[in-house]
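Positions in the sequence shown are counted from 1; adding 204 to them yields our numbering.
Everything labelled a hint here was simulated from the structure, so no lab data went into it. A few of these clues could be false.
Straight-line alpha carbon distances no greater than 20 Å define the calculated DMTMM-like cross-link-like pairs of lysine to aspartate or glutamate that follow [said to hold, decoys possible]: (1) Lys252 / Glu263; (2) Lys273 / Asp306; (3) Lys318 / Glu263; (4) Lys252 / Asp306.
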Amino acid sequence: MKFQGLNLLASTLSITSLVNAFSDTAIFYSNNNNQLSLNTNDYIIESKSIAPLVLQYSESVCSQQDSNKQLYIYRVKQLSKGDTTDYDGFILNHVHYPSVDDLHFEISESCVVKYGSDEQDSNANVIIIDVEDDQIHTIDEFLNKGHENLIIQGNPSFKHHKKLKQFANDLNEMLDDYFHHGDEEDAELHKRDEDVDDNEQLEQEIEDDFRQAESLVNGENDEPVTIFDKPIAIAQTNQTKVNNLFTKYQFFTSGIWSGIIVSLLLLSILYVAIQWLGALEVTYSSFEKQVDYDKKNE
205 MKFQGLNLLA STLSITSLVN AFSDTAIFYS NNNNQLSLNT NDYIIESKSI
255 APLVLQYSES VCSQQDSNKQ LYIYRVKQLS KGDTTDYDGF ILNHVHYPSV
305 DDLHFEISES CVVKYGSDEQ DSNANVIIID VEDDQIHTID EFLNKGHENL
355 IIQGNPSFKH HKKLKQFAND LNEMLDDYFH HGDEEDAELH KRDEDVDDNE
405 QLEQEIEDDF RQAESLVNGE NDEPVTIFDK PIAIAQTNQT KVNNLFTKYQ
455 FFTSGIWSGI IVSLLLLSIL YVAIQWLGAL EVTYSSFEKQ VDYDKKNE
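Let the hints inform the model, and build the full structure from the sequences given.
Set out below in structure tokens:
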């Protein structure tokens with residue numbers, strides 16, 4: 205959850221930075237083509253990158269022997285690009301000013317600066333003019349004045365600065381509430397996990413008790429079942445079991461008795477038959493004719 209919150213924070217800050225960058229940007233023009241350390245291909249250029257160019261430009265103007273050379277700097281509240289195809293110099297469409305103080309570029313100490321008028325002054329090398337009316341001005345409007353050395357600086361309104369500050373405060377409060385709510389949810393989830401663990405442990409103990417009871421019930425001994433951990437000793441009677449053929453092999457007892465009965469029956473029949481045969485032989489001999497050998501000899 206906190207990982208998602210960090211992603212949200214990073215995304216929000218990126219969007220805020222982008223909005224802040226565009227809200228405090230303005231056009232910048234200079235007819236000095238000396239761009240030593242400036243990359244005009246960048247879409248947004250910071251004002252601190254422009255400051256050395258303005259300082260160098262003012263030094264080049266003020267160091268000339270001809271005192272008639274002057275640098276005009278127009279700071280226009282509402283400035284648009286207009287048509288600048290026929291003029292020398294370079295234009296930066298988006299120069300970012302972090303604050304109002306960054307609108308005031310440093311001028312060379314060798315220059316005499318005058319503010320507030322576009323009329324020529326023989327005693328001033330740099331003339332700074334603020335155009336703060338509600339009209340929209342274009343760059344070519346100031347180019348047509350015919351100044352040899354010219355800088356036209358657009359001033360951002362900074363009207364979104366207060367809104368962005370309020371937005372940042374609201375964002376901080378939202379993130380604080382989000383993380384605080386996330387901590388509460390984490391604590392609730394942790395508590396639920398502990399409850400689940402306790403329930404699982406209780407269920408496991410109940411299952412173990414049931415298994416122990418089942419093992420006691422299914423035991424093959426004649427000892428009484430007890431719920432105590434240590435069984436109570438019970439007096440045992442000194443009875444001995446007689447192990448013989450009929451007690452050891454009780455499964456075959458009925459068959460053995462049947463076999464014995466059938467065998468005795470057959471033996472009795474055999475005995476009767478033998479006696480009958482013996483009686484029959486004696487009876488048969490009785491039918492033989494008696495021979496009187498003395499009479500026969502006579």
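Checklist entry - For the pair supplied as a hint, Lys252 and Asp306, is the alpha-carbon distance within the 20 Å limit? => result 8 Å, holds
Checklist entry - Under the criterion that the straight-line Cα-Cα distance not exceed 20 Å, is the pair Lys273, Asp306 satisfied? => result 26 Å, violated
Checklist entry - Taken at face value, is the distance from the CA of Glu263 to the CA of Lys318 at most 20 Å? => result 16 Å, holds
Item to check | Hint consistency between Lys252 and Glu263 [alpha-carbon to alpha-carbon, up to 20 Å] | outcome: 17 Å, holds
The structure fails to meet hint 2 from the earlier list, while all remaining hints are met.
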